[in-house]
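Based on these hints, arrange chain Z on the given structure of chain X.
Same order as they appear, the protein sequences are chains X and Z.
All residue numbers for the first sequence refer to the working numbering, where the first residue is 1 and numbers rise by one.
All residue numbers for the second sequence refer to the working numbering, where the first residue is 1 and numbers rise by one.
These are calculated hints, taken from the structure and not from any lab test.
Misleading hints may appear alongside valid ones.
Quick partial rundown of chain Z residues pointing at chain X, CB under 10 Å, derived from the structure [to be verified]: (1) 181; (2) 184; (3) 213.
With the Cβ distance kept under 7 Å, some of the chain Z side facing chain X (calculated, not the full set) [stated by the list, open to error]: (4) 88; (5) 179; (6) 180; (7) 183.
What follows is a list of derived Cβ distance ranges for each label pair [to be verified]: (8) 80/X / 73/Z: 21 to 31 Å; (9) 12/Z / 206/X: 24 to 34 Å; (10) 73/Z / 131/X: 37 to 47 Å; (11) 207/Z / 53/X: 25 to 35 Å; (12) 54/X / 2/Z: 27 to 37 Å; (13) 36/Z / 152/X: 36 to 46 Å; (14) 198/X / 63/Z: 52 to 62 Å.
Nothing here was measured: the structure is a model prediction, and the numbers come from that model.
Glycine included, every Cβ here is placed at the ideal spot set by N, Cα and C.
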Amino acid sequence: MNTTRTTIALAGAALLGVALAGCGSSDPLAPPSEDPAASEAPGGDTIVVGSQTYYSNEIIAEIYAQALENAGFEVERAFSIGQRDAYEPSLESGEIDLFPEYTGNLLQFFDADTPARTPDDVYAALTEALPDGLEALEMSTATDQDSYTVTAAFAQEHGLTSIADLAKVDTPLTLGGPPELEERPYGPTGAKEIYGLDLAFSATGDTTVEDLLAGTIQVANVFTADPRIQTEDLVPLEDPEGLFLASNVVPIASGDVADEIADVIDPISAALTPEGLVALNVQSTQDQMSPEEIASGWLEEQGLL
Amino acid sequence: MNLLADALAWLFSPERLSGSHGLPAALAAHLFYTFLAVAIAAAVGIPLGWLIGHTGRGREIAVAASGAARAIPSFGLILLLVLLLGVTRKPEAAVIAFVLLAIPSILAGAYTGIEAVDRRTVDAGRAMGMTEWQVLWRIEAPLGLPLLVGGLRSAVLQVVATATLAAYVNLGGLGYDIIQGIQLRRFDQVLGGAIVVALLALVLDGAFALLQRAARPRGLLEPPTGSSR
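Chain Z with its partners taken away, still in its complex shape:
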């Protein structure tokens, strides 16, 4: 494959390390937007998901709302937000769009994690005189952690792929080489940029897979049933 060879040659050319859109700077910007958005989404989604999971209330609304949120096209949303907030607030617009993308997975991970906890365990905790906070913190949260990490994992993957759109509104990131290359018909550059995004996604997925395994409490033999997706 000639194109693949060209893309690799582009990728490993020394020019990639320097310049206004060098790979290190693009990678840093890409990771910055990804983790900032996921962190904000987690700060919103985890408490909300735990509340829903613990009380058992509002599940239908959460399912419907996160389903609707998943259907929003991120590209359109970014441009709409840029026009609404003004061009001086492009970073905010992009981060809001990525946060909205990340929340459904995290929310689902948080509440399914708690729902998957055996009710008898929860009742045992109550029988021992635990308060509701203690039930949440000492029983439900630790036992639901693997599914929550699974939710974070799919949120990170979705955002890291979608963060390529940041380049459309002049925020750089790994998408820049792709969208510039398409217009210039430099397909080595397009493929090279895409390979970096794909590799980054694989690395992050691997890291979260390890984290998910580490999050399983000792003594819990079977992974909780149910899926975050």
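If we strip away everything but chain X, and leave its shape as in the complex, we get:
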């Protein structure tokens, strides 16, 4: 009986030790000195891939990670670190080597008053604004940004493809979105200044998409990577005049490894389209698939695995 207890106690202690060791190596915030794998990272073959606490961002990070593993790199995942303020210092210090980012939002993090709006301008400004030691790889056409979105039926009825086309609609238009949109530069005032549109405003908040479908509003402020664009058949209108700050998916890499991994990551950015990103998000929200499944499925489909 005594021996049984001792065995159990020992087994317990051993398990605890394993568990603690497990925590130590997967802790994204652990200093590199405690973690042999991470300290070898610069110059070595271990690439630390980070992600925001945002399911869509984690899917993209997982795609990067699997592609790198397939190309023979050792990969460590530091996912769900938090928001930009939380992870940016680790990225700058080189603890994290690769991070899926968004051009516009990241540019505003470094330069809040940037005048750049269109995708190319924003990308160019971002490469200037990035601190030393960080490089932006090729950006993707996929975006995750604010938009004016209409239903596919409404777009077809009035022949809409861009925000400028809204001027052709002769019935009164109401724009719906969160309450703060009313005061934002891309709210009704901006639509008037840049496209000459007279939009009424309705603070539809959390039910913006539902309101758009119910017809209480005609134009909705929806994120371009929102899975409901696919599931509810919505059309984000193009923004040729740059009302919105373009925010394309862009891999941010630390300078030490940027050249090494560019051959693996650039084809991913080239293959990831706006519709493709929405479809990945649908697989997560609608089909409840894990990021691993979604990432490997997409990579195979694109012939990148």
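Relative to chain X, chain Z alone:
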């Protein structure tokens, strides 16, 4: 305090009187939702509370049900109702949520008011040949009135504070400035909006305190014991 000064400057700026979300319109919407919800809740809660108080039956169920109702998070309930009823019925959804919030206090005020009436007074009424209706109308209801008004008072206070949530589902009211200001990080606007809600609550509380005093029947020296809360 700079922020307080900014908030007061925001509050007394002439822009507050005009525009789609001017203070008068917001105040009117806020009071409309508050009093509509309390009126509906009173129409349900007072008869039910009197029935429970008069018969002495169903008290446990009422206590348990109103306790459970108090635990429902109003914000979640509003959004749930909006999604269930559809976005074209947002006012109904919000009013239902506020009514559910107001009923427990009113119900408790109604039945504790009647329970607090001295049984000997009720028996005296019966001895004089009063019918049950007369006992309720002439003895129990008037003597229990101060506690009932107390229940209405706490219901109004809870609803006037919670009606700020109406703005989350596009119904305006005084909450609009607060929730818009938070996202825009305009804290003068947030504080200004909050000050108006707080002042409104104080004014309503004061009005109901006077009403509660006026509701005490003449000749009743001691206020009835017990509390509606």
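If you check each hint against the structure, which ones fail? 3 and 11
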